[in-house]
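Novice: Going by full-length UniProt numbering, 70 is the number at position 70 of the sequence shown; the sequence numbering is gapless.
Hints in this document: simulated from the structure, not taken from any laboratory. A virtual CB, placed ideally from N, CA and C, is assigned to each residue, including glycine. Hints should not be assumed to be uniformly reliable.
Pairs of lysine-lysine residues, derived as BS3-like cross-links and limited to a Cα-Cα distance of at most 30 Å, are as follows [what the hints assert, rightly or not]:
| no. | residue 1 | residue 2 |
| --- | --- | --- |
| 1 | K95 | K49 |
| 2 | K46 | K64 |
| 3 | K12 | K64 |
| 4 | K46 | K12 |
| 5 | K49 | K12 |
| 6 | K99 | K49 |
| 7 | K49 | K86 |
| 8 | K95 | K46 |
| 9 | K86 | K27 |
| 10 | K12 | K99 |
| 11 | K49 | K64 |
| 12 | K99 | K46 |
| 13 | K99 | K64 |
| 14 | K95 | K12 |
| 15 | K99 | K27 |
| 16 | K27 | K95 |
| 17 | K86 | K64 |
| 18 | K95 | K64 |
| 19 | K86 | K99 |
| 20 | K27 | K12 |
| 21 | K86 | K46 |
| 22 | K46 | K27 |
| 23 | K64 | K27 |
| 24 | K27 | K49 |
| 25 | K86 | K12 |
Pairwise CB distance ranges (calculated) [what the hints assert, rightly or not]:
| no. | residue 1 | residue 2 | range |
| --- | --- | --- | --- |
| 26 | E5 | Y106 | 13 to 23 Å |
| 27 | L75 | V11 | 15 to 25 Å |
| 28 | T16 | T72 | 16 to 26 Å |
| 29 | S85 | V11 | 17 to 27 Å |
| 30 | L26 | G50 | 13 to 23 Å |
| 31 | W103 | G32 | 33 to 43 Å |
| 32 | G10 | F43 | 11 to 21 Å |
| 33 | G30 | Q84 | 13 to 23 Å |
| 34 | G10 | G40 | 31 to 41 Å |
| 35 | G30 | E87 | 16 to 26 Å |
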Amino acid sequence: MLTLECPCCGVKAEETELQAGGEAHLKRYGPGSTDEEFDGYMFSRKNPKGVHFERWRHAYGCGKWFLAARCTATLEVFGTYPAQSKEPPADLQAKIRAKRPNWEGYK
1 MLTLECPCCG VKAEETELQA GGEAHLKRYG PGSTDEEFDG YMFSRKNPKG VHFERWRHAY
61 GCGKWFLAAR CTATLEVFGT YPAQSKEPPA DLQAKIRAKR PNWEGYK
């Protein structure tokens, strides 16, 4: 079972206490965007085998959203961080690179 630590309240929660929110760090497009930009935002998602960044909500806890980095092949969790982050923290990226030397980065 997937276990994530909520960075907001510090509780280690199993996935049954959490709600998945999809891919993290998406650039959102609104009014004034082109059809291609909006289509890309709505329908184009990465689906990697390996390191992936996701949004999660601590549904049966504090109720707050946070972001997590994990491996989709092994379910290894590299870490969690606040949802307001524009990109994964440098220490988390370093931790991933140490375990996955060929990792190309989060973008």
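Novice: State for each hint whether it applies.
Specialist: Outcome of the hint check:
Proposed proximity of K95 and K49 is supported: the alpha carbons are some 18 Å apart, at most 30 Å. Under the criterion of a C-alpha separation no larger than 30 Å, the hint pairing K46 with K64 is consistent with the structure, at around 24 Å. Taking the CA atoms of K12 and K64, the gap is near 14 Å; set against the 30 Å cutoff, the hint holds. At roughly 27 Å between alpha-carbon atoms, K46 and K12 fall within 30 Å of each other, so this suggested pair holds.
Among the hinted pairs, K49 with K12 is consistent with the structure: their alpha-carbon atoms are about 25 Å apart, no more than 30 Å. Restraint check: the Cα-Cα separation between K99 and K49 comes to about 15 Å, which is no more than 30 Å; the hinted pair holds. A hinted pair counts as satisfied when its Cα atoms are at most 30 Å apart, and K49 with K86 qualifies at roughly 23 Å. Only pairs whose Cα atoms come within 30 Å are accepted, and K95 paired with K46 is accepted, the gap being roughly 21 Å.
Distance restraint check for K86 and K27: the Cα-Cα separation of roughly 10 Å lies within the 30 Å cut-off, and the hinted pair is therefore satisfied. A threshold of 30 Å between alpha carbons decides the hint, and for K12 with K99 the separation of about 22 Å falls inside it, so the pair holds. Distance hint between K49 and K64 is fulfilled; the C-alpha atoms sit about 27 Å from each other, no more than 30 Å. A distance of roughly 21 Å separates the Cα atoms of K99 and K46; the hinted pair therefore holds under the 30 Å criterion.
The suggested pairing of K99 with K64 holds, with an alpha-carbon distance near 29 Å, which does not exceed 30 Å. At most 30 Å may separate the alpha-carbon atoms for a hinted pair to count; K95 and K12 meet this at roughly 19 Å. Restraint check for K99 and K27: the C-alpha separation of about 27 Å stays at or below 30 Å, so the hint holds. Between K27 and K95 the CA atoms are separated by roughly 25 Å; this keeps the pair inside 30 Å, and the hint holds.
As the CA atoms of K86 and K64 are separated by approximately 17 Å, the hinted pair is consistent with the 30 Å bound. With a CA separation close to 25 Å, the supplied pair K95 and K64 stays within the 30 Å bound. Of the pairs offered as hints, the one joining K86 and K99 holds, with about 23 Å between alpha carbons and a cut-off of 30 Å not exceeded. Simply put, K27 and K12 have alpha-carbon atoms about 29 Å apart, close enough for the 30 Å limit, and the pair holds.
The suggested pairing of K86 with K46 holds, with an alpha-carbon distance near 18 Å, which does not exceed 30 Å. Only pairs whose Cα atoms come within 30 Å are accepted, and K46 paired with K27 is accepted, the gap being roughly 13 Å. Proximity of K64 to K27 is assessed by CA-CA distance (about 21 Å); at most 30 Å being required, the pair is judged to hold. A distance of roughly 22 Å separates the Cα atoms of K27 and K49; the hinted pair therefore holds under the 30 Å criterion.
Using a Cα cut-off of 30 Å, the hinted pair K86 and K12 holds, with the two alpha carbons roughly 23 Å apart. In this structure the hint that E5 and Y106 lie 13 to 23 Å apart at CB holds, the actual value being about 19 Å. Distance hint check: the CB atoms of L75 and V11 are about 19 Å apart, consistent with the given range 15 to 25 Å. Between T16 and T72 the C-beta distance comes to about 19 Å, which sits within the given range of 16 to 26 Å.
One distance hint, 17 to 27 Å for the beta-carbon pair S85 and V11, holds here, with the actual separation near 19 Å. For L26 and G50, the Cβ-Cβ distance of about 18 Å falls inside the hinted range of 13 to 23 Å, so the restraint holds. Taking 33 to 43 Å as the suggested C-beta distance range, the pair W103 and G32 conforms, at roughly 35 Å. Range check, G10 to F43: Cβ separation about 36 Å, and the 11 to 21 Å hint is violated.
Separated by about 19 Å at the C-beta atoms, G30 and Q84 satisfy the suggested range of 13 to 23 Å. At about 36 Å, the CB distance of G10 to G40 agrees with the hint of 31 to 41 Å. One distance hint, 16 to 26 Å for the beta-carbon pair G30 and E87, holds here, with the actual separation near 21 Å.
Hint compliance for this structure: hint 32 is the single one not met.
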